[in-house]
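Undergrad: The primary structure of each chain is shown beneath.
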Amino acid sequence: MSAKIIDGKAFAATVREKVAAHVATLKAEHDITPGLAVVLAGEDPASQVYVRNKGKQTIEAGMNSFEHKLDASVSETDLLALIDQLNSDPAVHGILCQLPLPDHLNEDLVINSIDPAKDVDGFHISNVGLLGTGQKSMVPCTPLGCLMMLRDHLGSLSGKSAVVVGRSNIVGKPMANLLLKDSCTVTIAHSRTKDIEDVCRAADILVAAVGRPEMITGDWVKEGATVIDVGINRIPAPERGEGKMRLAGDVHFESAAEKAGAITPVPGGVGPMTIACLLANTLTACCRANGLSEPEGLTA
Amino acid sequence: MKDNRLLDGRAVQARILDEVSAYTAEASARQPLGRLVSISIGDIPEVAVYIRNQARAAERAGLPFAQEFWPANISYDACKQRILDMNDDADVLGIIIQRPVPEHINVRSLQSAIHPLKDVEGMNPASIGNIVYNDVALAPCTAAASVELIKETGLDLKGLEVVMVGHSEIVGKPAAFLLMAEGATVTVCHHMTRSVAMHSRRADVVIVAVGKPHFLGADMVKPGAAVIDIGINQRVADDGTVSIVGDVDTDAVKEIASWITPVPGGVGPVTVGVLMRNAVVAHQRQIAAGWL
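Respectively, the protein sequence lines represent chains H and V.
The letter at position 265 of the first sequence is residue 576 when you use our numbering, and the numbering goes up by one with no holes.
The letter at position 22 of the second sequence is residue 13 when you use our numbering, and the numbering goes up by one with no holes.
In short, the hints are calculated from the structure, not lab data.
Note that the structure is a prediction, hence the values are computed from the model and not measured.
Virtual Cβ for every residue (Gly too), placed ideally from N, Cα, C.
Restraint-style ranges between C-beta atoms, simulated for each label pair: (1) H/Leu410 - V/Arg185: 36 to 42 Å; (2) H/Leu603 - V/Asp79: 30 to 36 Å; (3) H/Arg523 - V/Met189: 26 to 32 Å; (4) H/Arg523 - V/Ala63: 55 to 61 Å; (5) H/Gly470 - V/Asp242: 29 to 35 Å; (6) V/Lys142 - H/Leu391: 38 to 44 Å; (7) H/Asn601 - V/Asn97: 18 to 24 Å; (8) V/Val40 - H/Asn601: 44 to 50 Å; (9) H/Glu508 - V/Glu94: 47 to 53 Å; (10) V/Asn97 - H/Gly470: 27 to 33 Å.
My request is simple: use the sequences and hints to build the entire structure.
TA: Next up, the structure:
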């Protein structure tokens, strides 16, 4: 194996430190504390873990965390009323509505009722459009984390050929827009793409976000490419005993690491960056709301 | 003799306008249609021809069209207020801001002030956001016109390799997302791309929007590909005659490509057609929203 392993856990820790340092300065110089409100409807166990982690890390970064746990049967009217209240609360700079919502709630409607300036997930239709037109916006956390890692590893991305595999709304498309903004030549490959191996082999930067375990093998990877694996898939691991499972990315790590110049592992790669970027976005939203300059190195 | 390699934008426009006028005839029988308002700020001679083309198409499509000319020294705030008033005016169906605008006016902010349901140019960030999320009914006109012309070739967009040269916010990027929504594999190239030819030579379709006369030559195109030329460049010959040329060296590329859009008479007329079709979409959405 020759590739450098990009340690997402360590890098996320440095991002959180940067956020915490900036938060401390905001408090000391302006008496402002950024606040993140997380809304959780229902009792999905995975969502509960996420929300708990988010709350914990928000407080560790010195910010205020406001958790709103609602019954799974909450009415759309009540949920919208809560969001409305958070929109107008000056202590709340970021609002995150944990997805998925219970089936009877219209996700688009709920997300688009969040004030775009407080939409720290970057899913509001206006933020999507602002990013799509190269304007200042709130950027979805996972692709923002990937971008930070790429910049950290490569410096300038300008002129590089980037291939994003997967065209999801939350990763693939915003990732493509971010890479374009950094002047990469960008291809989005997906299930319909012909000769997808060839397309990937042309990439200096390969971002995998398809949700198919170990689909991208070493022979898809150009010598020396930087490979970012966004996939988190749970697959059977009989070698660890009967019925055991393990986490796998969209990239077949061992073979890809033979070819790549650098690669993110799963777990411990992109994953830890997502919450770190959520904190960064909350800080950014707070700075913008107060007319202060944005934190350096923490935005797109 | 008609050259079948040339994609006839005027014919496509005529077809779109026929569809629109069928709709407007029926809709206006129920209730008079609001007007499309074209706003020009300052005296910008090059927009006159655009407005004339739009006015002509609107007339053919049965859409009321009003032209407003605002003084060059009007403030941004005044512009914005007038647009907000039009948002509230049920007799205004859609709003068009002719570009360029004077330097002190931030055109992006003005476009954001247009209500998404009146945004017939598809330039509001919310309209762009919808496109990214695959709701492509109300798209920026030039980008949508490119897609319309690709469909005209009969090529199946699913799995088609498309190279978009130029990543502007009004054409390149929205066109990329429209095509992606149709299942194409899209590569976006631009001025920082190391070798555009390396990408364009493998494409089934090449779209060029760079604003450089004859940028795309025959050596950059795969035999049998389709080429969509969005450029409109003025060229002054040695004898002083002025001509309009695209970003593609049409005569040379025509010998290699299977389809190519001429300039003029290609993307331009279709863009105007799409603008009128967007007005229909706006009308339908305003009805659905209970405005009309």
